[in-house]
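Protein chains: 2
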Amino acid sequence: MLFDIKLDKNSPVYIQIGNYIKSMILNGMIRKEEKLPSTRELSNMLKVSRNTIIYAYEYLQDEGLIYTKRGKGAFVCDVSINLKKDNWNIKWDRLINDYGKSAEKLDIIKHEVPWKKGMISFKSISPDENLFDVEEFKKSFLNIMSLEREKILNYGYAIGYKYLIEYLIDYMKNKGIDTSNKKILITNGFTEAFDIILDCLVNKGDKILCENPTHNTAIKIMKLHGINPIGIDLDKDGVNIDSLKKVLEDNQNIKLMYLIPSYHNPTGIVMSPKKRIEVYNILKSHNIPIIEDGFNEELRYSGDHVSPIAALAGKSNGIVYLGSFSKILFPGIRIGWILGDSDLINYLESVKRSKNIHTSFLDQAILYQYLKEGNFEKYIKKARKIYKNKYEIALKYAREYIEAEDILGEGGLHIFIKLKDIKSRDVLDRCYKKGVVFTPGDIFYVDNKGDNSFRLGISRLSIEDIKKGIKIIGESIKEIKK
Amino acid sequence: MLFDIKLDKNSPVYIQIGNYIKSMILNGMIRKEEKLPSTRELSNMLKVSRNTIIYAYEYLQDEGLIYTKRGKGAFVCDVSINLKKDNWNIKWDRLINDYGKSAEKLDIIKHEVPWKKGMISFKSISPDENLFDVEEFKKSFLNIMSLEREKILNYGYAIGYKYLIEYLIDYMKNKGIDTSNKKILITNGFTEAFDIILDCLVNKGDKILCENPTHNTAIKIMKLHGINPIGIDLDKDGVNIDSLKKVLEDNQNIKLMYLIPSYHNPTGIVMSPKKRIEVYNILKSHNIPIIEDGFNEELRYSGDHVSPIAALAGKSNGIVYLGSFSKILFPGIRIGWILGDSDLINYLESVKRSKNIHTSFLDQAILYQYLKEGNFEKYIKKARKIYKNKYEIALKYAREYIEAEDILGEGGLHIFIKLKDIKSRDVLDRCYKKGVVFTPGDIFYVDNKGDNSFRLGISRLSIEDIKKGIKIIGESIKEIKK
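Protein chains in written order, with UniProt numbering: chain F, 1 to 482; chain A, 1 to 482.
These aren't lab readings, by the way, just hints derived from the structure by calculation.
Ideal Cβ placement from N, Cα and C applies to all residues, glycine included.
It cannot be assumed that every hint is accurate.
Unchecked claim - Capping the alpha-carbon separation at 20 Å, the derived lysine to aspartate or glutamate pairs in EDC-like fashion look like this:
{"#": "1", "chain 1": "A", "residue 1": "K274", "chain 2": "F", "residue 2": "D128"}
{"#": "2", "chain 1": "F", "residue 1": "K378", "chain 2": "A", "residue 2": "D8"}
{"#": "3", "chain 1": "A", "residue 1": "K151", "chain 2": "F", "residue 2": "D86"}
What the hints assert, rightly or not - To give an idea of the chain A side of the interface with chain F (calculated C-beta under 8 Å), a few residues:
{"#": "4", "residue": "W88"}
{"#": "5", "residue": "G118"}
{"#": "6", "residue": "S126"}
{"#": "7", "residue": "E129"}
{"#": "8", "residue": "K355"}
{"#": "9", "residue": "I357"}
{"#": "10", "residue": "K381"}
Extracted from the complex, chain F is given alone in its bound form (with noise of 0.2 Å):
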């Protein structure tokens, strides 16, 4: 019997000495009745405490692995398993349903070019982790962990822990909002939030509305529920009404309207508060429901305060509107919401229940602690000013090396940007080859339009990374248009 075992320090030297021999039972190397060495030799053999080995053979036997016989030592038990040359082989790539098929077809990190290190990433909109107060964190963490306990740990409920509710409810009237007959279900993040609202109200070949481009996401979620989803076009300052009026001239049944009024991702485009009011008023001529997707609002920039539709609507229950801290804190920890009318929540909270019980509350009661003690506002203050400095920086660059026939985007994480008659995909393989990628724009189209735009997040990268990389593309497509 050969004792070849690597011991490392990460972990307890029985367990590792213990699942050592459980492996060599388990494949055959140890065979049944076969002696084990005695403690004190293995002790030896090993150079660990002879009580190490005792303890993993004390685990080996409540794992039913070996027994002992008074006296004589250890004994290998018979677990031996004869099928281990098994030959049946699934093909399961047929078994997988249409379903199945679109989402790895949709999953734009599996099929866009890949970031390689050392390459300046426009890529992501994701927010800078350097921002983050990782000791305030922790001190949430520790503080919740002492009022709260094991209890934690145990199992929640589907709506959500009661206190982030609590605190959201309150947030959420700070914004204006009426929530006098609305509920919140909290999940995890905008993409649960939104793909469970479809679970539940649309059915293969519904109509919905959204803005065109609008957020690749719930583009993929819209499709993966069997809808192609109708574009509205958008003007600056917001969806073009005539457009919007068009459609819903043209169009019977239409089922709701998904709309991110601030920030919207891809453009940067804030609606108007004017605007705001119009849109709402035409849905709701029309009685269709609006998801609000209230994106990035808290990174506002400037000090004029818009309203969230949801604010405009009342006492009324028309509007859906999805929140989610994680766009720009802790996207690690997946904590969204949504906010509607009690009746919807009700049923979506069966949802929720039946796809994953309900969202970590660990991470629910961590981020209330957060919360509570007025991090998120410190923080806020601090990230707007940082991302305010680097998105002047980009559209002054931008503006300076890029001839393009559009430049969009009015604070937050990313800028958007047409190009005249060039497709946006032959600059990106240029750009690939010197380090640069961003994301073409086709992908938030509904209609396969956008071949001449891209979007560059921002977030991520420091000034010189986003001064080297807008000259890089600048001048990529100055030579395509040579």
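Model the placement of chain A on the given structure of chain F, informed by the hints.
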């Protein structure tokens, strides 16, 4: 202008004051161009420092709600919303599709008798949180935070946290499973794992086999996918082979079989090693993939080693193994995994991304750190002992007090009881009035059978309550018999 604000100690005072004024402005209680009190006046009025008021006003200015005129003070911006008396009332109930309606209807939490404080509840099979080692958990958090820092709070990958996956691959190898052509996807617990597998593999009306009775959440998920599962009767050592063969003769195109071989929910049966091989071979010969639910197999009390079915398959790829520590450890953080053929996991990964991007990276990292340090082995040793004791007492008392046709369960966190010609819901009605609740067995059956059965979850009850509760159940049965 009346400042009727109650300050608390939970969050920074300047934010409380800022939010109070914000809400007054947004609700039209302070009108545009109105002058706010000077910072000095307000600090006197509210008995807080002048700096606090200065911060509050800065906050309101950042939000675009007030502006200052040099030397004249702070004034309210024009943010009025005139739609407040709006009355758009959508009947959301009528918009919910069949899926949403079914999810609500099948949501037993909403439709079963509710637990009330002071009751003895045998409903739960969650772990007893008092066994969790909170100090070790905290240590794991602090250790992983000092290693990963802010990185762990930003976006991760759909597939899961690399180190946790590597740990779990080793963990599965240690169960004797050949992982060489397989991959792991991290999910939000078993529920999400099973849900996204069905999303990817089945279509409405497909045939799925399962044990009868089986895990009620699995039944719910199958039904929500438009599937009426075909149940196979159980012997005391697992699936009845004749029934299985009969069903396979009578049915073509069966998509897959779902199995819970260890501490089967709800019966507590452990499928014998011999039967595992038999079932495996039969399904293999029909080319029907097995979804193996590793439910609580870590809880084996006795020293008998029983390999998961996935260990029988060697390099064959016909088995998809669903694992979860969360059933016995930290259910609140919702972490499970799918081990399966690499091609399959590739699709499931895209589906996972489309549903919620990924499972909390913080939670995955903490769990990894906790496991790596050998805490799980320590915990499970303690937990096994305590649950074994509860199980043995429950069994003893059930045999003594309950006149049953059959009492099932070989360990785990529950036992399952079949009565002679008595409906368990009648028993439940009586018990409820006496402050005892349990789970009626019918919810675990796929064919409306089992109305004479019920499940007793014992994990979270004290020994005293187990005794007391079982006596009350026994008495209630006797009362009905009279």
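Each hint, compared with the structure:
Proposed proximity of K274(A) and D128(F) is contradicted: the alpha carbons are some 55 Å apart, above 20 Å. Distance check on the hinted pair: K378(F) and D8(A) sit about 19 Å apart at the alpha-carbon level, within 20 Å; holds. For the hint linking K151(A) to D86(F), the alpha-carbon distance of about 43 Å lies beyond 20 Å, and the restraint is violated. For W88(A), the suggested interface contact is upheld, since its CB lies about 4 Å from the closest CB of chain F, less than 8 Å.
A hinted interface residue such as G118(A) counts as satisfied when its beta carbon comes closer than 8 Å to some beta carbon of chain F; here the least separation is about 18 Å, so the hint is violated. Evaluation of the S126(A) hint against chain F yields a held restraint, the C-beta minimum of about 5 Å falling below 8 Å. The interface hint given for E129(A) holds, since its Cβ lies 4 Å from the closest Cβ of chain F, which is under the 8 Å cut-off. Annotation: K355(A) was flagged as interfacial toward chain F, and the flag holds, the nearest CB pair being 5 Å apart, inside 8 Å.
Evaluation of the I357(A) hint against chain F yields a held restraint, the C-beta minimum of about 5 Å falling below 8 Å. Nearest Cβ of chain F to the Cβ of K381(A): about 7 Å, under the 8 Å cut. The hint holds.
Figure legend: structure checked against the earlier numbered hints; hints not met, in rising order: 1, 3, 5.
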